[in-house]
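Participant: Residues per chain, in single letters:
2 protein chains.
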Amino acid sequence: MSDIIIFYDIPSVNGTGWSPNTWKTRLALNFKGVPYKTVWVEYPDIEALSKEIGAAPTGVKGDGSPSYTLPTIYDPKTKKVISDSQDIAEYLDATYPSGPTLFPKGTLALQIAFQEAFTTTALGSLFPPLLQESITILNEKSAVYFRQTREATYGKKLEEFSPYGAGRNEHWAKVRAGFSTVAGWIKKSGGVFVLGDSPSYADLSVAAFLVWVRSVRGADSADYKAIQAWDDGFWGTYLALLDKYTKPDA
Amino acid sequence: MSDIIIFYDIPSVNGTGWSPNTWKTRLALNFKGVPYKTVWVEYPDIEALSKEIGAAPTGVKGDGSPSYTLPTIYDPKTKKVISDSQDIAEYLDATYPSGPTLFPKGTLALQIAFQEAFTTTALGSLFPPLLQESITILNEKSAVYFRQTREATYGKKLEEFSPYGAGRNEHWAKVRAGFSTVAGWIKKSGGVFVLGDSPSYADLSVAAFLVWVRSVRGADSADYKAIQAWDDGFWGTYLALLDKYTKPDA
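Protein chains in written order, with our numbering: chain L, 1 to 250; chain Y, 251 to 500.
A portion of the hints provided could be inaccurate.
[As the list claims (entries may be wrong)] Below, computed lysine-lysine pairings styled on DSS-like, alpha-carbon distance capped at 27 Å: (1) Y:Lys424 x L:Lys188; (2) L:Lys105 x L:Lys187; (3) L:Lys61 x Y:Lys475; (4) Y:Lys475 x L:Lys105; (5) L:Lys188 x L:Lys61; (6) Y:Lys475 x Y:Lys424.
[As the list claims (entries may be wrong)] For the chain Y half of the interface with chain L, some residues (derived, Cβ under 10 Å), not all of them: (7) Gly356; (8) Gln478; (9) Asp482.
[Claimed, not checked] Simulated restraints, written as ranges between beta carbons of each label pair: (10) L:Thr136 x Y:Trp480: 42 to 48 Å; (11) L:Thr78 x Y:Val310: 31 to 37 Å; (12) Y:Ser471 x L:Ser221: 35 to 41 Å; (13) L:Pro163 x Y:Ser348: 31 to 37 Å; (14) Y:Thr399 x L:Gly124: 37 to 43 Å.
To be clear, the hints were calculated from the coordinates, so they are not data collected in a lab.
Just so it is clear, CB atoms sit at the ideal spot from N, CA and C, and this is done for glycine as well.
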């Protein structure tokens, strides 16, 4: 029996994680330098796995029953199972206080609000033009499940969120405007990261979405290259500096 | 000639400021302990005043022409005129670095994002049920101007945002839910304020809206007493601790 953290993640066909939310946890684990081992879980298996290991539900389904999501970690050191990327990040700082800190003293409330602001400002527009392509890098089993559940929730096909054609340019223009606003906030720090010269969890939570876009569209795609060049290269530099935290477990 | 800052504010019939945005600046000036003198400006006079003193426009009107807003300050020490509450707050920290700091090192970007998150989470729902009553505490000249310009912008009467009736309870329930979310963020700091034990500009920008509600509805109103009791008294305690920064200039 190993005594390192088990990190339950959703696989993509690229051999890396698929979900931006699980990317947040991988980035946080690597940032903290806490050893861990990945266990890959396909979408339809998340609920059974969560119940088996005693993970708490993270939300409620449309029918009122509990819903289970990844990321989840199990830490043999404390015998705790934690779900929800934010709760995991707070747990890691509390349990492994040595080394780099995800939430430097006094910044936890602000970092939670930052993620909310990032979500409303940039992410609402990011999903439509990527949703239909994102499932092409899921394994078949997860792709079928993801399509069925999301289309039932939203009442429309994934392809209808941003149909191919001129409208997509408008969608990408909105994404760019949102990220430009966020870049404006970050630059106010006087450094390249939200808190200035050192990255914190707020940066990792933004980077998780850039990694997701790169993974969905491809590092050599026109879309991803465009993002790297937005705001005078801000996002290209940003992710280049944080990319070391995307590495798989050793 | 006095050499203290001139603070241009919009008067209410209560003898205090009317606008939540100018309240942010009064709270910030008092927090910093920087001496200032208030000059009251009615809404229809803001544009002429701004041009006269050389204040920069803070936005663009529907017809594309520049728009001018308060708060604005003139600092005879530096001979600078600054508009926009955020720009004023940053100016005050930069120009008067001794004493309390509105944006402690590393927190500026996060505090800007916090205000954005507070706006989308709580303020969108706060205006509808207060808009029609808010102009009853403006002087006649400003009330007429405010009604004309806002009704032209939104294409409906101020009374239509939250008509009296059962729908208002739903509006207030949304306000309460939004403030409860924000209280949840702040509590994460481990103290009573966003950064923990000491207030910062993020707190003053929230308090500005509580002061506005108190001013519009009255300190003894059922609405304001309800807000003070929300989240186990969180907001009552919060504003009680910050209320010393609402005092008028000496």
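Participant: If a hint holds in the structure, say so; if it doesn't, say that too.
Facilitator: Verification of the hints:
no. : hint                            : verdict
1   : Y:Lys424 x L:Lys188             : violated, 32 Å
2   : L:Lys105 x L:Lys187             : holds, 21 Å
3   : L:Lys61 x Y:Lys475              : violated, 35 Å
4   : Y:Lys475 x L:Lys105             : violated, 33 Å
5   : L:Lys188 x L:Lys61              : violated, 39 Å
6   : Y:Lys475 x Y:Lys424             : holds, 17 Å
7   : Gly356                          : holds, 4 Å
8   : Gln478                          : violated, 21 Å
9   : Asp482                          : violated, 17 Å
10  : L:Thr136 x Y:Trp480: 42 to 48 Å : holds, 46 Å
11  : L:Thr78 x Y:Val310: 31 to 37 Å  : violated, 55 Å
12  : Y:Ser471 x L:Ser221: 35 to 41 Å : violated, 57 Å
13  : L:Pro163 x Y:Ser348: 31 to 37 Å : violated, 58 Å
14  : Y:Thr399 x L:Gly124: 37 to 43 Å : violated, 29 Å
Checked against the numbered hints above, the structure violates hints 1, 3, 4, 5, 8, 9, 11, 12, 13 and 14; every other hint is satisfied.
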